[in-house]
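Whole structure, please, built from the sequences with the hints as guidance.
For the protein sequence lines, the chains are A and B, in the order given. Residue numbers for the first sequence follow my numbering, beginning at 3 and rising by one. Residue numbers for the second sequence follow my numbering, beginning at 3 and rising by one.
In short, the hints are calculated from the structure, not lab data. Hints are not guaranteed to be accurate.
Listed next, the stretches of chain B that the computed footprint assigns to chain A, with coverage defined by at least 3 CB atoms under 8 Å from CB atoms of chain A [to be verified]:
| no. | region |
| --- | --- |
| 1 | 205 to 212 |
| 2 | 259 to 268 |
| 3 | 295 to 302 |
We put the beta carbon where it would ideally sit given N, CA and C, even for glycine.
Read off the chains here:
Number of protein chains: 2
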Amino acid sequence: MTTALQTPASRRTGSVGIVQPQLFRCDHPITLQCGKTLPHYELVYETYGTLNTAKSNAVLICHALSGHHHAAGFHSKDDKKPGWWDACIGPGKAIDTDRYFVVSLNNLGGCHGSTGPSSVNPDTNKPYGPDFPIVTVRDWVNSQHTLMQHLQVPHWAAVVGGSLGGMQAMQWAIDYPDLVRNAVVIAAAPKLSAQNIAFNEVARKAILSDPDFREGHYYEHNTYPKIGLSLARMLGHITYLSDAAMREKFGRELRDGAKSFDFDVEFQVESYLNYQGEVFSKNFDANTYLLMTRALDYFDPAEEYDHDLRKALAEAKANFLVMSFTTDWRFSPERSQEIVQALLAARKRVSYADIECPQGHDSFLLDVPRYTSLFKAYMNSIELDGES
Amino acid sequence: MTTALQTPASRRTGSVGIVQPQLFRCDHPITLQCGKTLPHYELVYETYGTLNTAKSNAVLICHALSGHHHAAGFHSKDDKKPGWWDACIGPGKAIDTDRYFVVSLNNLGGCHGSTGPSSVNPDTNKPYGPDFPIVTVRDWVNSQHTLMQHLQVPHWAAVVGGSLGGMQAMQWAIDYPDLVRNAVVIAAAPKLSAQNIAFNEVARKAILSDPDFREGHYYEHNTYPKIGLSLARMLGHITYLSDAAMREKFGRELRDGAKSFDFDVEFQVESYLNYQGEVFSKNFDANTYLLMTRALDYFDPAEEYDHDLRKALAEAKANFLVMSFTTDWRFSPERSQEIVQALLAARKRVSYADIECPQGHDSFLLDVPRYTSLFKAYMNSIELDGES
Numbered sequence: 003m004t005t006a007l008q009t010p011a012s013r014r015t016g017s018v019g020i021v022q023p024q025l026f027r028c029d030h031p032i033t034l035q036c037g038k039t040l041p042h043y044e045l046v047y048e049t050y051g052t053l054n055t056a057k058s059n060a061v062l063i064c065h066a067l068s069g070h071h072h073a074a075g076f077h078s079k080d081d082k083k084p085g086w087w088d089a090c091i092g093p094g095k096a097i098d099t100d101r102y103f104v105v106s107l108n109n110l111g112g113c114h115g116s117t118g119p120s121s122v123n124p125d126t127n128k129p130y131g132p133d134f135p136i137v138t139v140r141d142w143v144n145s146q147h148t149l150m151q152h153l154q155v156p157h158w159a160a161v162v163g164g165s166l167g168g169m170q171a172m173q174w175a176i177d178y179p180d181l182v183r184n185a186v187v188i189a190a191a192p193k194l195s196a197q198n199i200a201f202n203e204v205a206r207k208a209i210l211s212d213p214d215f216r217e218g219h220y221y222e223h224n225t226y227p228k229i230g231l232s233l234a235r236m237l238g239h240i241t242y243l244s245d246a247a248m249r250e251k252f253g254r255e256l257r258d259g260a261k262s263f264d265f266d267v268e269f270q271v272e273s274y275l276n277y278q279g280e281v282f283s284k285n286f287d288a289n290t291y292l293l294m295t296r297a298l299d300y301f302d303p304a305e306e307y308d309h310d311l312r313k314a315l316a317e318a319k320a321n322f323l324v325m326s327f328t329t330d331w332r333f334s335p336e337r338s339q340e341i342v343q344a345l346l347a348a349r350k351r352v353s354y355a356d357i358e359c360p361q362g363h364d365s366f367l368l369d370v371p372r373y374t375s376l377f378k379a380y381m382n383s384i385e386l387d388g389e390s
Numbered sequence: 003m004t005t006a007l008q009t010p011a012s013r014r015t016g017s018v019g020i021v022q023p024q025l026f027r028c029d030h031p032i033t034l035q036c037g038k039t040l041p042h043y044e045l046v047y048e049t050y051g052t053l054n055t056a057k058s059n060a061v062l063i064c065h066a067l068s069g070h071h072h073a074a075g076f077h078s079k080d081d082k083k084p085g086w087w088d089a090c091i092g093p094g095k096a097i098d099t100d101r102y103f104v105v106s107l108n109n110l111g112g113c114h115g116s117t118g119p120s121s122v123n124p125d126t127n128k129p130y131g132p133d134f135p136i137v138t139v140r141d142w143v144n145s146q147h148t149l150m151q152h153l154q155v156p157h158w159a160a161v162v163g164g165s166l167g168g169m170q171a172m173q174w175a176i177d178y179p180d181l182v183r184n185a186v187v188i189a190a191a192p193k194l195s196a197q198n199i200a201f202n203e204v205a206r207k208a209i210l211s212d213p214d215f216r217e218g219h220y221y222e223h224n225t226y227p228k229i230g231l232s233l234a235r236m237l238g239h240i241t242y243l244s245d246a247a248m249r250e251k252f253g254r255e256l257r258d259g260a261k262s263f264d265f266d267v268e269f270q271v272e273s274y275l276n277y278q279g280e281v282f283s284k285n286f287d288a289n290t291y292l293l294m295t296r297a298l299d300y301f302d303p304a305e306e307y308d309h310d311l312r313k314a315l316a317e318a319k320a321n322f323l324v325m326s327f328t329t330d331w332r333f334s335p336e337r338s339q340e341i342v343q344a345l346l347a348a349r350k351r352v353s354y355a356d357i358e359c360p361q362g363h364d365s366f367l368l369d370v371p372r373y374t375s376l377f378k379a380y381m382n383s384i385e386l387d388g389e390s
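Structural data, given as structure tokens:
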């Protein structure tokens, strides 16, 4: 039997295939924006494709709120679900692994293998829990920079991300102008709106007030805030989908066809959200969720530049691709256009597309032809040093 | 000292002054849409203005999710806050109490004096709690009809409401076509969208999963689901305000001016929402909140007319005023326009205005000049039998 026959048809084309997470341990301390220091930390990451001789083809993938390092391919041949951005990463895809060396990591504070609240605190030999320091987008960029040095990548051909990932791409272009040739900022915003922060606060309150949260020390009690984290995820999920997408997907259909006249789950949309919430609560760490939402709240690269995004972006040397989706109401096209306006005012090279797509914020994860083809065209147009 | 001098300036003009709630007890049983029967029930209500000799000037006010009977005026001279719709009800206001006899009640299932989950169940001599039957918009209309008979009002010059109140006005025009001369439907929708239902489900889950909810029997345990109801209200509040209104009101201001790098409440918007949630949780009954959200979910007058709103409205004899607000994303202008389209298709007389206003869904409660003047013009144009 050949290898090809062992691999399901869907995985033969355009997939990076079976991938293996790797671990980078940084033994140098990192001082975070909050003032605290981690003496050492680990980052779990995956790579797809090959670093070329000129080391000019590296692309960094930055993940969003609930993302992780496993962005493409499969972890085993029995693995049913590919990585979260498999729609955009692989041979011949928007981020073409035949051309690029792609690096995708789990951020510091995460819960998929990188050092985070569920890791052991060397001071106590217990999980950090709520004592894990608050990390910011800038902290992530700094820790990603140490990974970059470890991988001996001299510059990124592109730093790419959607949502919170797009914010990291912006921050990279600002903080390390010489190391970023292109920044791809998808379905993001220059900072959260009061409404965005408000949704995060309701999510946090749901988690913090769950009796099983135990002030963040749930690991030691062998429990987890299932209800609080479910609620947070359900709420998040509503903001990821457009009203139209929800209508299309669920309408007002009743699960059992007739009204039950009680408060049990009966509309399809309730059932779906409850299921999503429950699955998520089992697979994601509540302390990490809290950290991620705070990193979102705090993100505001213009803050230290007189609240002028143009000034914040003034030193950036990257070319930018900014993309938004017409039905995204979490980070609406207007928010992406604020970034574009600031880039134009700062005389940066920027391509912008507002992509008509009914699925809302989550569109950036999906194989939407207008989106992926535009994305691919941009990525293909990037000139790489040493490439003939 | 004259009475006028004792009354603060703001109350001298346009206020109905001091008002007194009244109680109507219906000793006939009411059979609800869920199939259950209440042997008797009480409705608390207020009236403003005087029923004219021809009994042609009565206006019914229907309240929204968290509303009640106290729509205008004050309960005592020390009362600081007027009724919830004081912006629109009073002498010289949109609903002019010099001309109209206004009736405003707390709906069945409510928690402000009408029979509801916190009332004593005659079968058990304990509060109904979760055993209070699910009520629907149609049930409310039927119970309002018994109040109407009690008040010897032969027909309504207008049935008026915003949000869930507007849905009751629509249902009145459909169910009692001969008794409604005008229906004023403000910031409403012909039925909830999947997104609307999803928000309700998250709110319900927050309440139902609060340990202090005690399966709805919290009265007997001398407690209440403070956290769950707070979360529900916080979430509701986000949907009542537009993104722009939140930005205008709070921006990204920090309460103490600097980041705290923890999960305490620190942005102004978090502080505001937490305060709103806490106040609400003390003043509103969680079981009622559950009932109200289900009444919203279930509202769909077209359902029994082949899902054709035009057919549902075919027998209505009322003239309609439909109003929406440009920044309302809970029930967007498009939803009001669905109602208008159906009314036009059914050859009904309908006036429609989409009012430019930054405040979102809550606009209907506010003294927005373009809104109140239009509303007033419509109400003033209504011809009353026996009026010279």
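To see whether the hints hold, each was checked on the structure:
1. With 5 residues having a beta carbon nearer than 8 Å to a beta carbon of chain A, the region 205 to 212 of chain B meets the requirement of three or more and the stated coverage holds.
2. Counting residues of the region 259 to 268 of chain B whose CB lies closer than 8 Å to any CB of chain A gives 5, so the stated coverage by that chain holds, three being the minimum.
3. Check on the region 295 to 302 of chain B: 4 of its residues sit with their Cβ under 8 Å from a Cβ of chain A, so the three-residue criterion for coverage holds.
Of the numbered hints listed earlier, not one is contradicted by the structure.
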